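Asker: Each chain, written out:
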Amino acid sequence: MPRYIRRSSYPLAIEDPQLAEKAYGSWADAIILDFTRRADRDWQQDLKSRMPAAIHDAARGGAEVFVRINSGAAAAELESTIFSGITGIVLRGVPGAEDIQKASQCLDALEQDRGIVGGSLEIDVEIDTAAGVWRSLEIARASPRFGTFWANEQVLCKNLGMSSDPVLEFEPLEYIKSQLITVATSVGGQAQGMSYPLSLTQEDTGEDELRKAVRRARDTGFKGAVCPHASWIKACNEGFRPSPEETAHYVKVIEVFAEGLKRGMASVPMDGKMIDVPVDLRAKLYLEWARRAQARDEEKARAHGKPAA
Amino acid sequence: MILPAHDADEAMGYREFKPDVAVLDLEYSVPPKHKEGARASIESLVRKIGGSGTAVFVRVDRETRWADVRAAMFRGINGILFPGPEEPAEVAELDDLITALERERGVDPGTTEIVLMLESANGYWDAASLAEASPRVSGVGVGRIDLTMRLGPVPEGEFRLYRFLMTRTLVVARMLDKQPLGAFWRPGSRGGVASRESTARAASEARLMGFTGCICATPEQVAPVNQGFTA
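Chains as they are written, first to last, in the numbering used here: chain A, 25 to 333; chain B, -10 to 220.
What the hints contain is simulated information worked out from the structure, not anything from laboratory work.
Small disclaimer: the values here were computed from a predicted structure and weren't measured.
Ideal Cβ positions, reconstructed from N, Cα and C, are used throughout, including at glycine.
Check the hints yourself; a few may be wrong.
[Said to hold, decoys possible] A short, non-exhaustive set of chain B residues, derived as facing chain A with CB atoms under 10 Å:
#1 117
#2 140
#3 157
#4 159
#5 163
#6 173
#7 176
#8 194
#9 199
[Unchecked claim] Sample of chain B residues at the chain A side, in silico, Cβ under 10 Å:
#10 63
#11 86
#12 156
#13 160
#14 161
#15 162
#16 169
#17 197
#18 215
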């Protein structure tokens, strides 16, 4: 069961004059705000003056709003970007747990100063270095604010000296992705990611291919993906959750198993398969996941002034 | 390129194959009855090859590494290949021994590298601690023969455990700025029995995975390995 229904995260630049329209029209579960430090002016003042409006614009379609921060300059960047309306930060270039602890301390102070509920701001971590991979467990355990891992595969490949072209017949980052999913889940968080080779090509691909890739990613253990193109978002929103067919199947599983229990049976046949306690439990988890995803869709639909699909 | 240290003629044959590094072996390519003789003759090989401009490493036997390092440390040596390290203390101890021998034998202080070939579950799990145990560690590699014997997978089909261990080695090496060594040998065609084609493929795939070199078990592997590790 995912901790967050955050199936699609869409990065947008606060300098983008169409930020509001793109965020609103994207239907992404989350918007990640990126910024550029302006060399020709006081970048901190510049950011401070822009961020409240950018956060408002990004959130208008019901998305959670994150800001992407460079770990090496986190204190100054956090000071300039954290305002009410932010859900959390995405920290990149994290070499170890100490950076998470420092960022968390900064957030403690900023929450107090800026009227944000104490401890509410989340820290997500973009894994883009070998050190981040190796120390992923320390990183995830460094703060209760930790929420999700996301492997920025193209940057990570470069750091590892690995080809970022998907020329190998196997997925070279398979074990790293497995590790991130396991570690994040072990601390109650989750991981975002896409399946190979789309994870590396980041292509604006056709819908069929995209849906298959999302399904593979979901079945690997990812609970959402960072979407380089707006065209990915719909497939991610629909794919990183139980499908309507699965939902219908699990409704039936629960009904059939409940009937069996009434008759004193511990396992019950259904459509040529045996249903027992673990299957019933999984059915209940999937239905709860589907219910929460539906609730999230309704929340976003209300923000758009529309009924949920 | 692995060269048996007990057979000077064969060892000097490296010149024909032009490896980047000549690895004088005191481990598996030396029969037990020739170990003492190999140790006795390795000084002249180190001096000869070292003087020719080719980098010289000596692969020691884990069980006799102290005697092997003592035998190998002479001017001309570039490094020690340490197979199967298990504990950081073993690496630190080797560093101390090398430091003492550099001083004693007139080798430039601090210049002798250590390359760790990981060959056990402990080694892979503690790879970062092992690599950080000495500033001399310049490379971390994927060992193979002992690895399969110790971890017990049957190297058939896709042999996924090997890719997991390669990934772990690569991550540690890149994190600590060491050279990642290894090739993606396929089951049934690897090490000393690998064909030229499968060797080139193993090296090429390893390069795409982020590795930058590997150990050649036979002279014939040098050319395809160099080819595979060249973009």
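Asker: The structure should be examined with respect to each hint, and the outcome stated for every one.
Answerer: Hints versus structure:
no.	hint	verdict
1	117	holds (6 Å)
2	140	violated (15 Å)
3	157	holds (8 Å)
4	159	holds (6 Å)
5	163	holds (4 Å)
6	173	holds (9 Å)
7	176	violated (14 Å)
8	194	holds (6 Å)
9	199	holds (4 Å)
10	63	violated (33 Å)
11	86	violated (28 Å)
12	156	holds (4 Å)
13	160	holds (5 Å)
14	161	holds (6 Å)
15	162	holds (8 Å)
16	169	holds (7 Å)
17	197	holds (4 Å)
18	215	violated (17 Å)
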